[in-house]
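The listed protein sequences derive, respectively, from chains E and V.
For the record, in the first sequence the residue sitting at position 53 is 53 according to this note's numbering, with numbers rising by one throughout.
For the record, in the second sequence the residue sitting at position 90 is 90 according to this note's numbering, with numbers rising by one throughout.
If you are wondering where the hints come from, they were derived from the structure by calculation, not from laboratory data.
Quantities reported herein were computed from a predicted structural model and do not represent experimental measurements.
Fair warning: there could be bad hints in the mix.
[What the hints assert, rightly or not] In the EDC-like style, the derived pairs of lysine to aspartate or glutamate whose C-alpha atoms are separated by at most 20 Å in a straight line are:
id, chain 1, residue 1, chain 2, residue 2
1, V, Lys52, V, Asp102
2, E, Lys46, V, Glu1
3, E, Lys106, E, Glu82
4, V, Lys43, E, Glu84
5, V, Lys65, V, Glu89
6, V, Lys52, V, Asp62
7, V, Lys43, E, Asp86
8, V, Lys65, V, Glu46
9, E, Lys106, V, Glu46
10, E, Lys46, V, Glu46
11, E, Lys106, E, Asp86
12, E, Lys12, E, Glu84
13, E, Lys46, V, Asp102
14, E, Lys46, V, Asp103
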Amino acid sequence: QAGLTQPPSVSKGLRQTATLTCTGNSNNVGNQGAVWLQQHQGHPPKLLSYRNNNRPSGISERLSASRSGNTASLTITGLQPEDEADYYCSAWDTSLSAWVFGGGTKLTVL
Amino acid sequence: EVQLVESGGGLVQPGGSLRLSCAASGFTISNSWMNWVRQAPGKGLEWVANIKHDGSEKYYVDSVKGRFTISRDTDKNSMYLQMNSLRDEDTAVYYCARGDLDDRGQGTLVTVSS
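Take the sequences, apply the hints, and build the full model.
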């Protein structure tokens with residue numbers, strides 16, 4: 001099953017802003033929206049953003065999700081060392097009747 | 001507080017079977033879609049299967065169709081994944097997740113190896 005496309009890595013400096021992208025198609029991201037998950041090494045993933053781009057309780061306001069057409073984005077402002085992690089997007093694909101994931105983006109905070 | 005606890009993982013030979021369990025608390029599984037998601041060592045996340053809140057619909061990733069079966073027991077507020085004809089490539093940490101992957105457990109490791 002075809003997945004979503006994410007850049008493998010992004011590097012930004014401390015206190016800078018990083019924007020992570022996730023590209024799908026009209027069967028998934030385009031009409032269903034995407035969720036974003038963060039995973040630190042050795043830990044289970046954690047939800048950062050719902051399909052409607054809202055943040056779950058407890059998620060920093062420095063994180064914001066958006067969507068334009070078939071591309072979802074996660075913007076993290078004021079980068080901190082703890083933001084260094086793997087970030088995954090996922091969306092329900094209505095043609096496949098399956099959740100599809102991106103390959104993940106490794107965010108490095110320099 | 002929502003909690004999901006997976007169990008049942010372990011070492012199994014290729015061609016063998018395992019049954020994973022996911023015990024839910026803090027919510028009723030009959031009100032939620034429930035999913036299994038896995039992560040092979042050093043790899044990304046992969047959705048495996050899900051079951052509709054009323055059990056009427058079940059979906060699977062192509063690679064497990066015909067081998068894995070998702071089910072639930074509302075009396076026990078638990079979900080299961082019966083895995084048959086296991087292959088090396090099924091080796092992964094398996095997580096159960098609620099709804100739109102809102103809440104997940106800590107995972108259970110399945111290792112398929114001879």
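Hint check, failures only: Checked against the structure, no hint fails, so every one of them is satisfied.
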